[in-house]
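Peer 1: Protein sequences appear in the order of chains A and B.
With the first letter of the first sequence counted as 1, position 69 gets the number 68 in numbering that gives the first Met the number 0; the numbers rise by one all the way through.
With the first letter of the second sequence counted as 1, position 229 gets the number 228 in numbering that gives the first Met the number 0; the numbers rise by one all the way through.
A portion of the hints provided could be inaccurate.
To be verified - Covered stretches of chain A, going by a simulated chain B footprint (3 or more residues, C-beta under 8 Å):
1) 97 to 104
2) 195 to 203
3) 213 to 222
To be verified - Under the rule of at most 30 Å between Cα atoms (straight-line distance), these lysine-lysine pairs were calculated in the DSBU-like manner:
4) A:LYS366 - A:LYS342
5) A:LYS109 - B:LYS225
6) A:LYS491 - B:LYS225
7) A:LYS366 - A:LYS398
8) A:LYS109 - A:LYS162
9) B:LYS227 - A:LYS230
10) A:LYS398 - A:LYS226
11) A:LYS398 - A:LYS425
12) A:LYS396 - A:LYS366
13) A:LYS156 - A:LYS109
14) A:LYS491 - B:LYS227
15) A:LYS230 - B:LYS225
16) A:LYS349 - A:LYS363
17) A:LYS363 - A:LYS395
18) A:LYS349 - A:LYS117
19) A:LYS226 - A:LYS117
20) A:LYS109 - B:LYS227
21) A:LYS349 - A:LYS366
22) B:LYS225 - A:LYS226
23) A:LYS109 - A:LYS226
24) A:LYS396 - A:LYS425
25) B:LYS105 - A:LYS117
26) A:LYS491 - A:LYS363
27) A:LYS230 - A:LYS117
28) B:LYS227 - A:LYS162
29) A:LYS342 - A:LYS363
30) A:LYS162 - B:LYS105
31) A:LYS349 - A:LYS396
32) A:LYS156 - B:LYS105
33) A:LYS366 - A:LYS395
34) A:LYS398 - A:LYS349
35) A:LYS363 - A:LYS396
36) A:LYS395 - A:LYS349
In case anyone wonders, no lab produced these hints; they're calculated from the structure.
Glycine included, each C-beta is placed from N, C-alpha and C at the ideal position.
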Amino acid sequence: MPTSTITASGSTSFIIKKKELGVSTFSSTSFNIIPKKRCSKKVVSVMTPTQSQRPPSTTGSVKTALTMTEKILARASERSALVPGENVWVNVDVLMTHDVCGPGTIGIFKKEFGENAKVWDREKIVIIPDHYIFTSDERANRNVDILRDFCGEQDIKYFYDIKDLGDFRANPDYKGVCHVALAQEGHCRPGEVLLGTDSHTCNAGAFGQFASGIGNTDAGFVMGAGKLLLKVPPTLRFVMDGEMPSYLLAKDLILQIIGEISVAGATYKSMEFVGSTVESLSKLSYIFAYMSTTVFHAKMEERMTLCNMVVEAGGKNGVVPADSNDYISTLRFLSEYRFDVSKLEPLVAKPHSPDNRALARECKDVKIDRVYIGSCTGGKTEDFFAVAKLFQASGKKVKVPTFIVPATQKVWMDIYSIPVPGSGGKTCSQIFEEAGCDTPASPSCGACLGGPRDTYARMNEPQASHIMSMNCLFSVCVSTTNRNFPGRMGHKEGQIYLASPYTAAASALTGFVTDPREFLQ
Amino acid sequence: MAATSASVFNPALTSNKHPEEPSHVAFISNLRMSTSCLTKFQLKHLSPSSIPSQSPRNPICAAASPTCSPSATTATTFHGLYYVLGDNIDIDQIIPAEHLTLVPSKPDEYRKLGSHALIGLPSTYETRFIETGEVQSKYSIIIGGENFGCGSSREHGPVALGAAGVKAVVVESYARIFFRNSVATGEVYPLESEGRLCDECSTGDVVTVELAENLLINHTTGKEYKLKPIGDAVVYY
Numbered sequence: 000m001p002t003s004t005i006t007a008s009g010s011t012s013f014i015i016k017k018k019e020l021g022v023s024t025f026s027s028t029s030f031n032i033i034p035k036k037r038c039s040k041k042v043v044s045v046m047t048p049t050q051s052q053r054p055p056s057t058t059g060s061v062k063t064a065l066t067m068t069e070k071i072l073a074r075a076s077e078r079s080a081l082v083p084g085e086n087v088w089v090n091v092d093v094l095m096t097h098d099v100c101g102p103g104t105i106g107i108f109k110k111e112f113g114e115n116a117k118v119w120d121r122e123k124i125v126i127i128p129d130h131y132i133f134t135s136d137e138r139a140n141r142n143v144d145i146l147r148d149f150c151g152e153q154d155i156k157y158f159y160d161i162k163d164l165g166d167f168r169a170n171p172d173y174k175g176v177c178h179v180a181l182a183q184e185g186h187c188r189p190g191e192v193l194l195g196t197d198s199h200t201c202n203a204g205a206f207g208q209f210a211s212g213i214g215n216t217d218a219g220f221v222m223g224a225g226k227l228l229l230k231v232p233p234t235l236r237f238v239m240d241g242e243m244p245s246y247l248l249a250k251d252l253i254l255q256i257i258g259e260i261s262v263a264g265a266t267y268k269s270m271e272f273v274g275s276t277v278e279s280l281s282k283l284s285y286i287f288a289y290m291s292t293t294v295f296h297a298k299m300e301e302r303m304t305l306c307n308m309v310v311e312a313g314g315k316n317g318v319v320p321a322d323s324n325d326y327i328s329t330l331r332f333l334s335e336y337r338f339d340v341s342k343l344e345p346l347v348a349k350p351h352s353p354d355n356r357a358l359a360r361e362c363k364d365v366k367i368d369r370v371y372i373g374s375c376t377g378g379k380t381e382d383f384f385a386v387a388k389l390f391q392a393s394g395k396k397v398k399v400p401t402f403i404v405p406a407t408q409k410v411w412m413d414i415y416s417i418p419v420p421g422s423g424g425k426t427c428s429q430i431f432e433e434a435g436c437d438t439p440a441s442p443s444c445g446a447c448l449g450g451p452r453d454t455y456a457r458m459n460e461p462q463a464s465h466i467m468s469m470n471c472l473f474s475v476c477v478s479t480t481n482r483n484f485p486g487r488m489g490h491k492e493g494q495i496y497l498a499s500p501y502t503a504a505a506s507a508l509t510g511f512v513t514d515p516r517e518f519l520q
Numbered sequence: 000m001a002a003t004s005a006s007v008f009n010p011a012l013t014s015n016k017h018p019e020e021p022s023h024v025a026f027i028s029n030l031r032m033s034t035s036c037l038t039k040f041q042l043k044h045l046s047p048s049s050i051p052s053q054s055p056r057n058p059i060c061a062a063a064s065p066t067c068s069p070s071a072t073t074a075t076t077f078h079g080l081y082y083v084l085g086d087n088i089d090i091d092q093i094i095p096a097e098h099l100t101l102v103p104s105k106p107d108e109y110r111k112l113g114s115h116a117l118i119g120l121p122s123t124y125e126t127r128f129i130e131t132g133e134v135q136s137k138y139s140i141i142i143g144g145e146n147f148g149c150g151s152s153r154e155h156g157p158v159a160l161g162a163a164g165v166k167a168v169v170v171e172s173y174a175r176i177f178f179r180n181s182v183a184t185g186e187v188y189p190l191e192s193e194g195r196l197c198d199e200c201s202t203g204d205v206v207t208v209e210l211a212e213n214l215l216i217n218h219t220t221g222k223e224y225k226l227k228p229i230g231d232a233v234v235y236y
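Kindly produce the complete structure, drawing on both the sequences and the hints.
Peer 2: Structure representation (structure tokens):
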């Protein structure tokens, strides 16, 4: 392995030579890989293989640099260049699966490659039980057993197992929500190809990699072959500039975008997020500068939120290029959307679609009966810090049941240990308790997608128990999750308003959908 | 009544230890073939079922209509009733998340998935897709609008439809992952219509889909509709 380097802030450096826009962009590129764990100083720097001299007849035909997605897929398919629309065989760097799709994927792998077949690379498969964990549902528990048996048989290096369902902390390997765990455990590396049996795999695009969701059959194939046929998507570019207002979060930005282009606006396309706002995302990271544990993921968490919901617009993958000022010709993008972030306001997505965008302040008459803060989209450390910050600013108690579901064990530990700035040394958990929230739950996907009936915080009743007006005929939840289609969190008639952690916290305090500026200005 | 004439759509999924089956060969040979091979992969299930555990029946017969006679259907036509859906039918409506503990590669759980297909539809859909007490649907063709199959990447979506007896889905446009999963599993033919069939057709209409001619014929209304050639659609993802 080449020599290792560590970048203190955890940022990546992806060097694209500006002068070489007219030639292959792969003459010399290096990726600095983000450290896997805070205690591990081993960072691997990867060099792409040296390209042989291109014959003169082929130079000059590439007029513009490749987009981020095209670059990554070109490297992974060992091509010097490619164009959107091409189908290429892509070498996969990491394959992820979980308890819902893992057993089916394993079944297909064994059927197609043979009962005694071995996976293509025992170190490139990451198996993360996270969806239906803390439940008495026998099949759900059996599915985790299936994963364990397979990992034992194949000697899979990364299996974040859980056996003791009564106390998640008794399971040292267990992590929680797969997309957050992948990031925290260092499986997300710039320039790589990550495929997962989950639509929100696109979350990892925040790390400058190609990350996309696939089904069991495709995953079963990758398990054996280590590659997949992928069609190169054209790229939509979203340029976000301007100073990020103190009451906005990345969730508001992505809700703005999805509302703009609709749930099918990015179908088959890559969504690339650039601009000064994106580069500065995660200002909270400065607060954590002294906490080496969280420097890495704090800087990236808001970018993860942005990429996480790319699939809600139909996107194939989302990507935030590593911090750089390099210019890539706009001719290469299918279209470009520009936003002046300083003019945006807190948003919600009303039932029943993620593109049903509305201003939070215009929904202030919507009475709610619960708030859910969790999931890969809105259950990360930074998300909880945002909630704590707003509760602290208001000093009030919540008026509706407020469910706190940390995405992973690490997030859970963060909310119990890290002091919230400006609170006089209180942790998130203390602030939540003082505000009257439910005790933070065991980390998992929880009720984001409903799940077995006994899932914590699942919307099981069609109607709120305290129907006082016509506005509250059905159970209404403000949630930091990613989808609000009918029945998403349980009952079909449940109404889900997707929102940022700030908006969710503000709504919890009033019992209505509330613009966080009520408490933050 | 209706359930008895439903057929096993994808024999490959109900087989456990037959590595020498044609499906296995097609799967591996994809490694070296161009995209045109995907059409062949998709059609693999049309080979006669070789599963002894299933009662012998013509796997190509469209499901369920009592008037359907097996001999009326060939490898390139489907005949049956259709069920009409609207736009943005997401995976959670096709197969609600609480049923995802069922593993599609296990035969009995595959069938159970089928029994829950489209159970997540809101009450605005008055006709049930699967009658109470039945495990398969009498509707073998689904008509939809835009962005069909959006949301989750779960393969359980097309699997549930296929297991319920659906042969083909004809919509205005697909969500990417659903389309890809339909092709990969071979569970349903993902067809695209020219225009919005969902506005002109009603649940329960009798229909024939002629794949070779890219044609959909609604016998109830007497109208014919052009379909986009599936060859293009296969390359599309």
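Peer 1: Now, for every hint given, state plainly whether the structure supports it.
Peer 2: Going down the list of hints, with the structure as the test:
no.: 1; hint: 97 to 104; result: holds (count 4)
no.: 2; hint: 195 to 203; result: holds (count 4)
no.: 3; hint: 213 to 222; result: holds (count 6)
no.: 4; hint: A:LYS366 - A:LYS342; result: 27 Å, holds
no.: 5; hint: A:LYS109 - B:LYS225; result: 40 Å, violated
no.: 6; hint: A:LYS491 - B:LYS225; result: 35 Å, violated
no.: 7; hint: A:LYS366 - A:LYS398; result: 11 Å, holds
no.: 8; hint: A:LYS109 - A:LYS162; result: 25 Å, holds
no.: 9; hint: B:LYS227 - A:LYS230; result: 20 Å, holds
no.: 10; hint: A:LYS398 - A:LYS226; result: 51 Å, violated
no.: 11; hint: A:LYS398 - A:LYS425; result: 22 Å, holds
no.: 12; hint: A:LYS396 - A:LYS366; result: 17 Å, holds
no.: 13; hint: A:LYS156 - A:LYS109; result: 19 Å, holds
no.: 14; hint: A:LYS491 - B:LYS227; result: 34 Å, violated
no.: 15; hint: A:LYS230 - B:LYS225; result: 26 Å, holds
no.: 16; hint: A:LYS349 - A:LYS363; result: 12 Å, holds
no.: 17; hint: A:LYS363 - A:LYS395; result: 18 Å, holds
no.: 18; hint: A:LYS349 - A:LYS117; result: 46 Å, violated
no.: 19; hint: A:LYS226 - A:LYS117; result: 15 Å, holds
no.: 20; hint: A:LYS109 - B:LYS227; result: 35 Å, violated
no.: 21; hint: A:LYS349 - A:LYS366; result: 13 Å, holds
no.: 22; hint: B:LYS225 - A:LYS226; result: 36 Å, violated
no.: 23; hint: A:LYS109 - A:LYS226; result: 17 Å, holds
no.: 24; hint: A:LYS396 - A:LYS425; result: 16 Å, holds
no.: 25; hint: B:LYS105 - A:LYS117; result: 20 Å, holds
no.: 26; hint: A:LYS491 - A:LYS363; result: 23 Å, holds
no.: 27; hint: A:LYS230 - A:LYS117; result: 27 Å, holds
no.: 28; hint: B:LYS227 - A:LYS162; result: 50 Å, violated
no.: 29; hint: A:LYS342 - A:LYS363; result: 20 Å, holds
no.: 30; hint: A:LYS162 - B:LYS105; result: 23 Å, holds
no.: 31; hint: A:LYS349 - A:LYS396; result: 25 Å, holds
no.: 32; hint: A:LYS156 - B:LYS105; result: 26 Å, holds
no.: 33; hint: A:LYS366 - A:LYS395; result: 18 Å, holds
no.: 34; hint: A:LYS398 - A:LYS349; result: 21 Å, holds
no.: 35; hint: A:LYS363 - A:LYS396; result: 18 Å, holds
no.: 36; hint: A:LYS395 - A:LYS349; result: 26 Å, holds
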